[in-house]
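K.L.:
Make the full structure from the sequences, and use the hints.
Residue numbers (numbering that gives the first Met the number 0), protein chains in the order written: chain E, 0 to 246; chain B, 0 to 358.
Since the hints were derived computationally from the structure, they do not count as laboratory data.
A portion of the hints provided could be inaccurate.
[Stated by the list, open to error] Computed, partial: chain B to chain E, Cβ under 10 Å:
#1 Ser61
#2 Tyr66
#3 Ala68
#4 Ser69
#5 Val73
#6 Thr90
#7 Val208
#8 Arg210
#9 Thr211
#10 Leu219
#11 Gln222
Owing to the predicted nature of the structure, the values given are computational and were not obtained by experimental measurement.
Glycine is no exception: its CB is placed at the ideal position from the N, C-alpha and C atoms.
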Amino acid sequence: MKKVFSRPKSLKPTPFRYCPGCGHSLVHRIIAEAVDQLKIRTRVIGIAPVGCAVFAYDYFNFDMLEAAHGRPPAAATALKRVMPEKIIFSYQGDGDLAAIGTSEIIHAANRGENLSVFFINNANYGMTGGQMAPTTIHGQRTTTTPSGRDAKTSGYPLRVSELLATIEGVSFVERVSVDSYKNLMRAKRAVTTAFLNQIDCKGFSFVEILSPCPTNWGMTPQKALQWLREALIPVYPLGIIKGKKCN
Amino acid sequence: MAKKKMLLMKGNEALAEAAIQAGCRFYAGYPITPQNEIPEYLSKRMPEAKGVFIQAESEIASINMVYGASAAGVRAMTSSSGPGISLKQETISFLAGAELPAVIINIQRGGPGLGNITASQADYFQAVKGGGHGDYKCIVFSPFNVQEMWDLTMRAFDKADAYRMPVIILGDGVVGQMMEPFHPTKYVRPGLPEKDWILDGCRGREPRVIRTLFVGSGELEKQNILLQKKYVLIRKKEVMFDAYDIEDAELVVVAFGIAARIALSAVKELRRKGKKVGLFRPVTLFPFPEKQIADIADRKKRFIVVEMNAGQMVEDVRLAVNGKADVLFYGRPGGAVFNPEELYRKIKAAYPRVAGTAG
Numbered sequence: 000m001k002k003v004f005s006r007p008k009s010l011k012p013t014p015f016r017y018c019p020g021c022g023h024s025l026v027h028r029i030i031a032e033a034v035d036q037l038k039i040r041t042r043v044i045g046i047a048p049v050g051c052a053v054f055a056y057d058y059f060n061f062d063m064l065e066a067a068h069g070r071p072p073a074a075a076t077a078l079k080r081v082m083p084e085k086i087i088f089s090y091q092g093d094g095d096l097a098a099i100g101t102s103e104i105i106h107a108a109n110r111g112e113n114l115s116v117f118f119i120n121n122a123n124y125g126m127t128g129g130q131m132a133p134t135t136i137h138g139q140r141t142t143t144t145p146s147g148r149d150a151k152t153s154g155y156p157l158r159v160s161e162l163l164a165t166i167e168g169v170s171f172v173e174r175v176s177v178d179s180y181k182n183l184m185r186a187k188r189a190v191t192t193a194f195l196n197q198i199d200c201k202g203f204s205f206v207e208i209l210s211p212c213p214t215n216w217g218m219t220p221q222k223a224l225q226w227l228r229e230a231l232i233p234v235y236p237l238g239i240i241k242g243k244k245c246n
Numbered sequence: 000m001a002k003k004k005m006l007l008m009k010g011n012e013a014l015a016e017a018a019i020q021a022g023c024r025f026y027a028g029y030p031i032t033p034q035n036e037i038p039e040y041l042s043k044r045m046p047e048a049k050g051v052f053i054q055a056e057s058e059i060a061s062i063n064m065v066y067g068a069s070a071a072g073v074r075a076m077t078s079s080s081g082p083g084i085s086l087k088q089e090t091i092s093f094l095a096g097a098e099l100p101a102v103i104i105n106i107q108r109g110g111p112g113l114g115n116i117t118a119s120q121a122d123y124f125q126a127v128k129g130g131g132h133g134d135y136k137c138i139v140f141s142p143f144n145v146q147e148m149w150d151l152t153m154r155a156f157d158k159a160d161a162y163r164m165p166v167i168i169l170g171d172g173v174v175g176q177m178m179e180p181f182h183p184t185k186y187v188r189p190g191l192p193e194k195d196w197i198l199d200g201c202r203g204r205e206p207r208v209i210r211t212l213f214v215g216s217g218e219l220e221k222q223n224i225l226l227q228k229k230y231v232l233i234r235k236k237e238v239m240f241d242a243y244d245i246e247d248a249e250l251v252v253v254a255f256g257i258a259a260r261i262a263l264s265a266v267k268e269l270r271r272k273g274k275k276v277g278l279f280r281p282v283t284l285f286p287f288p289e290k291q292i293a294d295i296a297d298r299k300k301r302f303i304v305v306e307m308n309a310g311q312m313v314e315d316v317r318l319a320v321n322g323k324a325d326v327l328f329y330g331r332p333g334g335a336v337f338n339p340e341e342l343y344r345k346i347k348a349a350y351p352r353v354a355g356t357a358g
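P.N.:
Okay, structure coming up:
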């Protein structure tokens, strides 16, 4: 009998402890599959963020570094510069990358560091219990915007992908989502492209992944996917923003 | 005997070259006075040595780059001055927690806040007592001339690797900016444990993780106890100090770094005038030479601590003396530099009036 589906070698046989319906486990899986398919598992070093995905190192079956909140792009810069033959990626959430780490991400991009960055946008701070993130959309209720985000006091949803696409050092930016099988496959192609760009020394690649957080959105997993489609995607349109797909 | 080879360099440049000689192959930093000679020198020298030099976008990015390079097993360094070192504290704590070696240079300036750019010793507490969060320590070296900027920098890299921890060189603006001849001691690499913890891809081995988060029950306490054991060992093995004329001294001056250098002139002058004065100079501020100071206190000496701050190391001297002798203090806070005559007067005034009755 032909085996058609199995656990990627790049994932440890550890059950995911993320909340039911959380997008992190899906994103971990597509990254692991891409790493397997590109046969780079023994060359990869991933950097875990501060946030729910700090535990990424419990699941990925390759070398992992945990960095301070927002600082993975700086640590990644050094790892890549001292070991140019290795494949370095950072995995960061919207608090990590779009708030406390804006300086590090912009300048790693601006130096054109040959890195792959995976940015998980779930429009809130998940691990700390659902506070407002820079990516929280207008009117979205969080534990620190109990009446919904109001631009007058809390500003606007930050479109990091569009921002980074303006930087000369950036070679590839795509926004994807994990709300459907079709979108998940697109997300995997984007992740693969980001790795291939690094292998081909094309410079900084950035994939923003819209991901559900049912627990903190206060929704069932199914409702969360619907809200992602109906409320999040209109604010954060999917597609390639800069560069070309590799495959 | 052949004449010893001497070089004439600024303290900051000597430190930078010593880092290269000691095998430092990664540097990241951000401009701040009075340490700019270090990144300027390394921007040229590091590529020659086939290492990586990065002028980072911030102090925070610099230290996190050092964190990344160190995780890859490369000898890595950053340098700054007070305000910049304050910004780096978070990741100094991470380096300690993750047990990553790193060398951090603080060419101190006056504080608090922006303060000024003259020499100061007001970052003693920050370097020795932590600065960042959590129960951790850094080995702290205090060079008092350009020769020590060279020698202690080399030693800093070895100790960082030996104990897998951040090591701080607490210099100051005077020694950093001063040019004086020194002997460029050749770097000899000591026997060090193999770096079997680095992240370089899991080819032919199990994947590795470098982390500071320990959420399992009792896991963090266990990790902290391991760190404390390391600090106990360091206290036992790594103390460095210099003592001048303390055998028969009625009054012992305790000072570190540039203050000790200035105090030494005053002490020599007092000796010429027949006063039994000695100088004790901690070279490592952590580990602090507490046993040596306690031993002197047992012999009923009187101490005067002089520092270019409002009184920081004096607290550690008092802890070591533990009430067994008088501990006086003279300090100049806010970036003011002593002159030898001033210290001559202050030390003389502290001298016990009847010899043999001190304490």
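K.L.:
Compare the structure with each hint and give your call.
P.N.:
Structure-based check of each hint:
1. A least Cβ separation of about 8 Å between B:Ser61 and chain E falls short of the 10 Å threshold, and the interface hint therefore holds.
2. Given the 10 Å rule on beta carbons, the hint for B:Tyr66 holds: about 5 Å separates it from the nearest Cβ of chain E.
3. Here the hint on B:Ala68 is kept, as its CB sits about 4 Å from the closest CB of chain E, short of 10 Å.
4. Because the smallest distance between the Cβ of B:Ser69 and any Cβ of chain E comes to about 8 Å, under 10 Å, the interface hint for this residue holds.
5. Here the hint on B:Val73 is kept, as its CB sits about 5 Å from the closest CB of chain E, short of 10 Å.
6. For B:Thr90, the shortest C-beta to C-beta distance to chain E is roughly 6 Å, which falls under 10 Å, so the interface hint holds.
7. Residue-level restraint check for B:Val208 holds (minimum Cβ-Cβ distance to chain E is 4 Å; threshold 10 Å).
8. With its C-beta approaching chain E no nearer than about 4 Å, B:Arg210 sits inside the 10 Å limit, and its interface hint holds.
9. At a threshold of 10 Å, the smallest CB-CB gap from B:Thr211 to chain E is about 6 Å, leaving the interface hint in force.
10. For B:Leu219, the interface hint is violated, since its Cβ never comes within 10 Å of a Cβ in chain E; the closest pair sits about 14 Å apart.
11. A least Cβ separation of about 13 Å between B:Gln222 and chain E goes past the 10 Å threshold, and the interface hint is therefore violated.
The structure shown violates the earlier hints numbered 10, 11.
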